[in-house]
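Novice: Chain by chain, the residues:
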Amino acid sequence: MKISLITTAGKKIIRAGPVLSECLIGSYTMRLKCIRFRLTSKELPRMTATNAVWRPPRMCDDYWNEFNHCKSLWNRFYQYYTFGTIPACQQWKDDYKACREWEKRHNAEAKELLQQSERARVAAQSKFAPVWKLRQKPPEDWHLPLNQEKPEEP
Amino acid sequence: MDQARESEQKDEDYGYGLFPKRKEGKYKKGSLGESLFTFHNKCQVMLHFALETSPYAKFLLGVMKQSGCAAYKDRHFACEDCDGIVSGGFDAATSQIVLCQNNVHRQSHMNRVVTHELIHAFDHCRAHVDWFNDLRHLACSEIRAANLSGDCSFGNELSRLNFGVKGHHQDCVRDRALRSILAVRKVSPEEGKKVVDEVFDSCFNDHAPFGRIPHNKDYVKFSSHDFQNRDRYYSNL
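Taken in order, these protein sequences are the chains called A and B.
When we follow the working numbering, the leftmost residue of the first sequence carries the number 1, and every step to the right adds one.
When we follow the working numbering, the leftmost residue of the second sequence carries the number 1, and every step to the right adds one.
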């Protein structure tokens, strides 16, 4: 099994031996943290070290599509039906403008605005403490064959 | 006190009473009797159609496959006769989604039940959910399933003659989560309501893997696009 990793030196293929084989399962963020932990800093240079390799988190068209979707009549209705409020869509438009600004001029201010906005979105989603503990790997019995003969215990 | 608790636990069947065919069936699986005298074949056809065409189901299956929990129709789904009016369930002991072939007769209903149970399966795959001993965990998964599966869509609530609009979605999620808990656990409505209220804020706002509440298939398209681009997103935050 090979893992492909994009580094500042270009695409690098790393053989997944016993050290990295544990990093092939679980959620995306867990796998990424696992790979970064297990490789040395020499083998994994910082991916976002310079402005030249940074890209906006989403394509600029995605920001525009999200803005249009947000201000649509159906979305306004669903927001009112779910939360009793009208959706705030201006941030998507501001992010689209910042994205275009970055594409044209590689403006550091535009990059900062975009990063702040997306981090705020991620923070809003992780505002509440989870009820349960996340797994490091899938359940061991997920793929086990069913035992049809033996009655199942509750 | 301990003896009372022990006897309570012995009486608790964890909802398995609603799914009597989990342990034994009147007709042997694959038999002519099963084909002729139950809705088994119809359920299988509707299930296949749901897995192939429902954007919700396809998205959830894709995400679960990426997380190491690929769900296969023959192993992880079962069509069985059920008691009462229950439409389906998730059996954590066997990692199986049970579909009630005698209670699900329309394709739209099947799509919704499959989505609902896949959310339970997704939670089982990604977290240590203590289905049998921790009521908070059960409540959380039921809140998420009612929230994200379309159970509480405006159209479905109208068909149940529930005519709320402003913020009604949340009321519906609370109500349906409570009903689901009461169906499978021997707890009082007050105790059930208390547990739902305790975990509601955290679980209602947990939209994984969709990233948003998928009110219709267009929202699922956005979720799918975000999921496919998650590498770029997180590496450039």
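Calculated directly from the structure, the hints in this document are not laboratory data.
Please note that a few of the clues may not be correct.
Covered stretches of chain A, going by a simulated chain B footprint (3 or more residues, C-beta under 8 Å) [unchecked claim]:
#: 1; stretch: 53-59
#: 2; stretch: 77-89
#: 3; stretch: 93-103
#: 4; stretch: 126-138
Rough simulated footprint, nothing fancy, chain A against chain B, three-plus residues with beta-carbon under 8 Å [to be verified]:
#: 5; stretch: 99-108
#: 6; stretch: 114-126
#: 7; stretch: 132-141
#: 8; stretch: 167-180
#: 9; stretch: 184-191
#: 10; stretch: 223-232
Taking lysine-lysine and the DSBU-like style, the derived pairs with C-alpha atoms no more than 35 Å apart in a straight line are [what the hints assert, rightly or not]:
#: 11; chain 1: B; residue 1: Lys186; chain 2: A; residue 2: Lys127
#: 12; chain 1: A; residue 1: Lys71; chain 2: A; residue 2: Lys104
#: 13; chain 1: A; residue 1: Lys137; chain 2: B; residue 2: Lys166
#: 14; chain 1: A; residue 1: Lys71; chain 2: B; residue 2: Lys186
#: 15; chain 1: B; residue 1: Lys21; chain 2: B; residue 2: Lys166
#: 16; chain 1: B; residue 1: Lys194; chain 2: B; residue 2: Lys217
#: 17; chain 1: A; residue 1: Lys137; chain 2: B; residue 2: Lys217
#: 18; chain 1: B; residue 1: Lys42; chain 2: B; residue 2: Lys194
Source: prediction; values computed, not measured.
We treat Cβ as the ideally placed atom computed from N, Cα and C, and that holds for glycine.
Novice: Checked against the structure, which of the hints given earlier come out wrong?
Specialist: Hint check: 3, 5, 9, 13, 14, 15, 18 fail, others pass.
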